[in-house]
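Protein chains: 2
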Amino acid sequence: MNSLFKALNDETRRQIIELLKDEDLNAGEISNHFNMSKPSISHHLDILKRADLITSEKKGQFIQYSLNTSILEDLLSWILTLKK
Amino acid sequence: MNSLFKALNDETRRQIIELLKDEDLNAGEISNHFNMSKPSISHHLDILKRADLITSEKKGQFIQYSLNTSILEDLLSWILTLKK
DNA sequence: AAAGTATTTAGATATTTGTCTAAATAACTA
DNA sequence: TAGTTATTTAGACAAATATCTAAATACTTT
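In order, the protein sequences belong to chains S and P. Just so we're on the same page, the numbering used here is the position in the first sequence counted from 1, plus 32. Just so we're on the same page, the numbering used here is the position in the second sequence counted from 1, plus 32.
Treat the hints with care, since some could be wrong.
If chains are identical, the list can't say which one is meant, so a pair holds when it fits in one copy or spans any two.
[Unchecked claim] Listed below are the simulated DMTMM-like cross-link pairs for lysine to aspartate or glutamate, each with C-alpha atoms no more than 20 angstroms apart in a straight line:
no.: 1; residue 1: 70; residue 2: 50
no.: 2; residue 1: 116; residue 2: 55
no.: 3; residue 1: 115; residue 2: 105
no.: 4; residue 1: 116; residue 2: 61
no.: 5; residue 1: 38; residue 2: 54
no.: 6; residue 1: 116; residue 2: 84
no.: 7; residue 1: 115; residue 2: 50
no.: 8; residue 1: 38; residue 2: 61
no.: 9; residue 1: 38; residue 2: 50
Quick caveat, the hints were computed from the structure, so don't treat them as lab data. For clarity, every value in this text was computed on a predicted model and none was experimentally measured.
Sequences and hints are given; from them, build the entire structure.
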């Protein structure tokens with residue numbers, strides 16, 4: 033859970049998650065949505081990946097990123113145990 | 033949401049939340065559960081309070097802390113929008 | 001009023017984090 | 001194979017964070 037909370041604790045990373053909610057994107061496309069260097073975005077993607085919140089797949093010259101929502105189950109149930 | 037994610041991004045603070053899930057506790061009682069100085073715990077309580085995850089009420093010489101789960105609604109719905 | 005208990009505030013410090021630029025790696029194209 | 005494009009890795013640095021000790025504040029008790 034530690035890496036999950038850590039990954040979510042950044043506005044840029046949360047925005048990346050929301051971008052990927054709608055469609056898969058490659059690193060460059062993600063980068064274009066932000067006023068930030070590509071290496072910084074790459075770093076954020078790495079943190080999201082370590083938290084298992086996203087997956088990546090090489091498509092030729094590009095790397096396509098997808099959201100993995102299944103990991104959010106843990107978070108959901110953690111929250112729900114608090115609420116009752 | 034920023035302060036909420038920030039507050040949740042710490043193992044000690046998550047443990048405090050779990051302690052308060054079962055019963056209200058004062059600062060000293062919370063502190064006793066951790067191998068950490070009282071000022072450090074006080075600091076964590078402050079961050080949880082700023083995030084509105086806990087409330088405090090003065091009871092004479094003591095300060096009693098309670099969990100506020102209503103703030104978790106926002107987090108819940110944020111997660112749910114991602115999952116569909 | 002003085003002493004004791006509970007908690008926070010202040011200030012210091014080491015670690016972690018987010019960002020950058022430059023360089024490296026990998027794949028496509030001519 | 002040389003050049004171009006996509007992405008990551010490496011290394012540096014400023015800002016944020018978690019922790020500590022010492023001191024301050026607030027309440028209770030004698």
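Check residue 115 against residue 50 for me: Cα-Cα at most 20 angstroms, and say if that holds within a copy, between copies, both or neither. between (25 angstroms within a copy, 11 angstroms between copies)
At most 20 angstroms between CA atoms: does that hold for residue 38 and residue 54 within a copy, between copies, both, or neither? Neither, since 23 angstroms and 25 angstroms both go past 20 angstroms.
At most 20 angstroms between C-alpha atoms: does residue 116 with residue 84 qualify within a copy, between copies, both, or neither? Between copies, since 18 angstroms is at most 20 angstroms while 28 angstroms is not.
When no copy is specified for residue 116 and residue 55, does a C-alpha distance of 20 angstroms or less occur within a copy, between copies, both, or neither? between (35 angstroms within a copy, 12 angstroms between copies)
Alpha-carbon proximity between residue 115 and residue 105, which holds within one copy, between copies, both or neither at 20 angstroms: Classified as both; 15 angstroms inside a copy, 9 angstroms across copies.
Are the CA atoms of residue 38 and residue 61 at most 20 angstroms apart within a copy, between copies, both, or neither? Classified as neither: same-chain Cα gap 24 angstroms, cross-chain 27 angstroms, threshold 20 angstroms.
Intra- versus inter-copy proximity for residue 50 and residue 38 (alpha-carbon distance at most 20 angstroms): both (17 angstroms within a copy, 18 angstroms between copies)
Within a copy, between copies, both or neither: where do residue 70 and residue 50 come within 20 angstroms Cα-Cα? Intra 18 angstroms, inter 39 angstroms, cutoff 20 angstroms: intra-copy only.
For the identical chains here, do residue 116 and residue 61 meet the 20 angstroms Cα criterion within one copy, between copies, both, or neither? So residue 116 and residue 61 fail the 20 angstroms test inside a copy (41 angstroms) and across (22 angstroms) alike.
Consistency with the previously given hints fails for numbers 4, 5, 8, ordered from lowest to highest.
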